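All chains, please: the whole structure from these sequences, using the hints.
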Amino acid sequence: MFIGFLDRLIGSMISIHMDKGRVAMKKILLLFTMLIVGGCQIRTLDPHSQMADDQAFLIYFSFAIMTVVMLVVFSLLFRFTWKYKETEKNKEDVPEEINDNKRLEISWTLIPVVLLAILAVPTVMITYEISPQATGDSTSANNNDSANHVHVTAERFNWTFEYENGKQSKDLVLPVGKSIVLHLQSADVIHSFWVPELGGKQDVIPGKEILYEVTPGKTGNFLGKCAEFCGMDHALMRFDTEIVSEEKYRRWLLDE
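Here the working numbering is used: the sequence shown runs in plain steps of one and ends on residue 256.
Read the hints as simulated data drawn from the structure, not as lab findings.
It is possible that some hints are incorrect.
[Claimed, not checked] Restricting the straight-line Cα-Cα distance to at most 16 Å, the calculated cross-link-like pairs of lysine to aspartate or glutamate (EDC-like) are:
| id | residue 1 | residue 2 |
| --- | --- | --- |
| 1 | K218 | D53 |
| 2 | K167 | D255 |
| 3 | K225 | E164 |
| 4 | K225 | E155 |
| 5 | K218 | E86 |
| 6 | K170 | D240 |
| 7 | K218 | E242 |
| 8 | K178 | E164 |
| 9 | K170 | D255 |
| 10 | K225 | E242 |
| 11 | K201 | D53 |
| 12 | K218 | E247 |
| 13 | K225 | D240 |
| 14 | K83 | D93 |
| 15 | K170 | E155 |
| 16 | K201 | E228 |
| 17 | K218 | D54 |
| 18 | K178 | E242 |
| 19 | K201 | D46 |
| 20 | K225 | E247 |
| 21 | K178 | E247 |
| 22 | K170 | E92 |
| 23 | K218 | E246 |
| 24 | K178 | E246 |
| 25 | K208 | D240 |
| 26 | K201 | D54 |
| 27 | K208 | E155 |
The model shown is predicted, which means the values in this text are computed figures rather than measured ones.
See below:
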């Protein structure tokens, strides 16, 4: 009997020790994750094109609406929690039962509808404006003869950029302030073209050419990548993007 009790006691102590170890390990992992995330840049909020500007506006606009809603909801929550908390004086009181309140019901129905409409209008307009199109569609990208056209081929695990004069490069070089139409194609599997500072990512699908129009607004050097898992070396499928002056771009095109 004593041996059984001792066995249960030791087992309980080991279990408590293991639980404490798990809690400590979770805290360490959480702290480590926070440190890693804290070192990451939010590159989508550093726009360098009109498309990226529009997307950043939608993010900030949505965040502003959510912040207002959150402040109102939490203010009401704390107000009613404090106002109607139980005390020695009222713990025996029975609250008055309310069956319906037309004004309140209409308010909490209309307010979310209005907020969603306010958010939906710019979202639909901007999404329609910046949405890439397939070749053959009647779009401004197809008919934009004044734009610089660059053919982009995604292939595991690299990118190839071919310019109008036939020059090929593993880096994407574009002139600032000029309309660019990227002809996106895949040679094998589905990839995703993404330069966060220039705009949203775009899937690149085998057998289908996608036109991706962008106008860089600032010079700089950025990192582009494949944002769709495509195999073992997916993480290495990156490319450098350089936005330069028009004069420098012309010299680069002619430079062998």
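The hints, checked one at a time:
no., hint, verdict
1, K218 - D53, "holds, 12 Å"
2, K167 - D255, "holds, 9 Å"
3, K225 - E164, "violated, 23 Å"
4, K225 - E155, "holds, 12 Å"
5, K218 - E86, "violated, 60 Å"
6, K170 - D240, "holds, 8 Å"
7, K218 - E242, "holds, 10 Å"
8, K178 - E164, "holds, 14 Å"
9, K170 - D255, "holds, 15 Å"
10, K225 - E242, "holds, 14 Å"
11, K201 - D53, "holds, 14 Å"
12, K218 - E247, "holds, 15 Å"
13, K225 - D240, "holds, 9 Å"
14, K83 - D93, "holds, 14 Å"
15, K170 - E155, "holds, 12 Å"
16, K201 - E228, "holds, 9 Å"
17, K218 - D54, "holds, 15 Å"
18, K178 - E242, "holds, 14 Å"
19, K201 - D46, "holds, 15 Å"
20, K225 - E247, "violated, 27 Å"
21, K178 - E247, "holds, 12 Å"
22, K170 - E92, "violated, 77 Å"
23, K218 - E246, "holds, 12 Å"
24, K178 - E246, "holds, 8 Å"
25, K208 - D240, "violated, 24 Å"
26, K201 - D54, "holds, 14 Å"
27, K208 - E155, "holds, 14 Å"
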